[in-house]
Amino acid sequence: MTNITTLAEAVAELVSDGDTIALEGFTHLIPVAAGHEIIRQHRRELTVVRMTPDVVYDQLIGAGCVAKMIFSWGGNPGVGSLHRFRDAVEHGWPRPLEIEEHSHAGMANRYAAGASGLPFAVLRGYRGTDLVAHTATIATVTCPFTGEELTAVPAINPDVSVIHAQQADRAGNVMMWGITGVQKEAVLAAHRALVTVEEIVDELHPRPGGVVLPSWALSHVAHVPGGAHPSYAQGYSTRDNAYYTAWDEISKDRDRFCEWIDTHVHAASAAGVGE
Amino acid sequence: MTNITTLAEAVAELVSDGDTIALEGFTHLIPVAAGHEIIRQHRRELTVVRMTPDVVYDQLIGAGCVAKMIFSWGGNPGVGSLHRFRDAVEHGWPRPLEIEEHSHAGMANRYAAGASGLPFAVLRGYRGTDLVAHTATIATVTCPFTGEELTAVPAINPDVSVIHAQQADRAGNVMMWGITGVQKEAVLAAHRALVTVEEIVDELHPRPGGVVLPSWALSHVAHVPGGAHPSYAQGYSTRDNAYYTAWDEISKDRDRFCEWIDTHVHAASAAGVGE
Amino acid sequence: MTGPAVPFSRDDALTVAASRCLRNGQVCFVGIGLPSTAANLARRTHAPDLVLVYESGTLGSKPTRLPLSIGDGELADTADSVISVPEVFNYWLQPGRVDVGFLGGAQVDRFANINSTVIGDYAAPKVRLPGAGGAPEIAASCREVVIMLRQTPRAFVERVDFVSSVGFGAGAGDRERLGLRGAGPQTVVTDHCIMRPDPETCELMLTALQPGVSLDDAVAAAGWALRVADQVETLTPPDGDELAALRALQATVAAPSGHAA
Amino acid sequence: MTGPAVPFSRDDALTVAASRCLRNGQVCFVGIGLPSTAANLARRTHAPDLVLVYESGTLGSKPTRLPLSIGDGELADTADSVISVPEVFNYWLQPGRVDVGFLGGAQVDRFANINSTVIGDYAAPKVRLPGAGGAPEIAASCREVVIMLRQTPRAFVERVDFVSSVGFGAGAGDRERLGLRGAGPQTVVTDHCIMRPDPETCELMLTALQPGVSLDDAVAAAGWALRVADQVETLTPPDGDELAALRALQATVAAPSGHAA
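Residue numbers (our numbering), protein chains in the order written: chain X, 1 to 275; chain G, 1001 to 1275; chain R, 2001 to 2261; chain S, 3001 to 3261.
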């Protein structure tokens, strides 16, 4: 059953140096506060996984937490490049970043295989692309019935998956709605799962498009209102588009980035998020 | 885009002798009226597919429409055997019935592969069971990353899938809710799809647990209130448990069965269902 | 276990003994029929937080009446979440998230294999049964399996006519060899006794008797030479609370259908 | 095409020409940025029943304002159905249910292959781009693909540095050999011209000019010796209705974000 704890306690208990972690979210419901707590706790040598690594992964990379990134699209949505990601790949700062690059379809299926307890997934994908030559985790498999050759990708089973949702009840059951991306799969694929939520309610009321994760499928729930900022939580907040735009300038410069992390992450406490 | 037609027109247009058809439903929302229309139109040599063939498949088999059944559990839920199915398998009446037998997990994955445009699905299943020796469509596949051997089953792509749903709008978009089983997969796996609905509404309003199938994924929609009877349509009807119980006696006897089909199917018209 | 003795049937004893196999907070994959009755009884007695998963795609159903089928609307109405059938098998059952699989069948054999497919030859069957349904993967993937079945020599056989769901195959080591992840049928509950696999050989052994059943009767009700454990206990009879809860559950069934017969 | 001429930019011409590639009732898989603007423009002009599918899992979105990202809440609020990301790729894109895939990129080559991964060497890149995202499978599985991109000799190259998404590979027959089911990029729309694959060789050929662009300029804006079709038409300029609809769409973007910086 779920443990409802503080964010700091949850991250301390669940995330260790060298872990493979996935902070999933698809523009909506990105667990940014949890990412900042990981930076504050000085985790190192992480492998970070996400279909669409954006600003919070840029921050984790720039802060030196990350040894490797597994992903399919790494950018600042609607703005442009992730400069810390680019600096790590192009110049090895603050440390070299190993990358394992897939397509969205491949990543989604890798999570789905992980959630299903299978070692791999089959899809029609990657054929003819240069990803095949550069990514070791793309292979082929032959249909035993038709003889057709298809693409295989290995399951992703993160040590820890972290997502942000709108609500949890007091027993630790979680509900999210709106665009829910690949978050259910990321949670079910992981060995341990943390959900930060906008609100703890007495009872979850079923909603259109609502996805419920029962407490017995989760490790920890933390009450972190605003924990998705600058992304949004439908029904609770709107996307802070100005933050994304501003990040372009802040992240271009190493010194300015470091100062930003010191001020906005290290000097801030997890509680400051709004608890 | 969808064609909203009568049930008789839809069946006449979509179902031909020799077709592979799936009338899916998981206790809830079984497209019984469509099955009766297929009997009325004297279709023959059908391969019928369903995870849980129940009374309507018993009727199709007894009426001589079926050459082969692909399934995982064929019974009268909460009551017992399907006597027409047993008579066909045990005594070849009214004609021999070829069977292709799977587990639920296998069938669900066969539909999912079909819906995904893949020739096969991978699962952990069947190992050690005697199904492996008796069902040709169970094979193995080796994970190209771990070397582990897993089970493979081929996709199911019915010529026609038929489901029953609660609502369609006037553009032919469909919504169902409650237990929705494997119906989305059955529709998406099929070359042609027919949905019978309880009600045609001006606008579909999103509901908790609602599954929407857009008109462009369907061939025909037919307005058939009560089209799931004796199963039920959540929000519209309750299950007629007495019908299932009564079916046990009716179906035990060949003559009584034939009389029932003459009276309740052939003599009835599709319109009689409630249109 | 207090109060005066209340009369109970063999089926009552079977259902109550099976319900006692479930612990509070466990996640249980429930088949319809006797297993569903036993699981719902457990929820109403000692295991109020038992999580019920039905293969129709309902997670955490809390039915107020006994469902008549796997797709009963009551299961959806009272569930934490209703999901698709592919999802319930792929995301919830297959990875081993379910603690206990609760299964019945037509035949069970010496190594707890289950037949729900056919009596006689597959190609020319004496009795064609409904088939395996969800059971093969429930038996493979749940952390453990509880089998419940009325005991007769025709139902409990040396070797099932057809292995629909694997218990321990031909004996020790077979589950591992087949890559089946769960521990298999750790408990077989009948109206005569409880059997458990011998830790060495995986052969089922009688370990406890239902109240009022003699050891001779229980052994005679198996179609093979049923081994008996060194220590055989006799189960505590269903108590008044259990029987009251069971009667209340059973009373919910007749109601929704106007004419029950 | 009525009314007096209205001034328009090169980007306007690009967006309008791309929007005209979409027919009413088609199902379109939309990437964010220019493709999303063009697709939404089509919905507001000649193709009101265009079905928009976004990779975040929204089917049939009818946004009232231009989404700023693929996961914009507006896309969910106005969708016929919101589904998971694995479902959108597996059940909707992969089986070929989508008519048109609308893609951009950093580089496009002579055979309409797209690079959105890296400029320079993959291991030691000059510019690390965001990556392929959904594009490889969109390019493979949609019935056809429309590419839209501002045309410069650096963007339109003989051979892309990295094939993120396959157009026609090394030429005729490659898509078939690779088992790619869709017809590939049938139209490349730029701010200079429209290119289409030669039916024989699959090499891109200039088939139409944007209004006010000379053939020499259009050919010079490609980084290879761009072939020119025998017949080259000049596109009808964006008309007043199209430009009014485009301006109205663009006006919706700044509003939700307080300070646009």
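If you're looking for bench data, these hints aren't it; they were derived computationally from the structure. Warning: the hint list may mix true and false statements.
[To be verified] Just a few of them, taken from the derived set where beta-carbon distance is under 7 Å, the chain X residues facing chain S:
(1) W93
(2) H104
(3) R124
(4) V132
(5) T135
(6) A136
(7) H205
(8) R207
(9) G209
(10) G210
(11) H229
(12) G235
(13) S237
Cβ coordinates follow ideal geometry from the N, Cα and C atoms, glycine included.
Out of the numbered hints, which ones does the structure contradict?
Hints 1, 4, 5, 6, 7, 8, 10, 11, 12, 13 not satisfied by this model.
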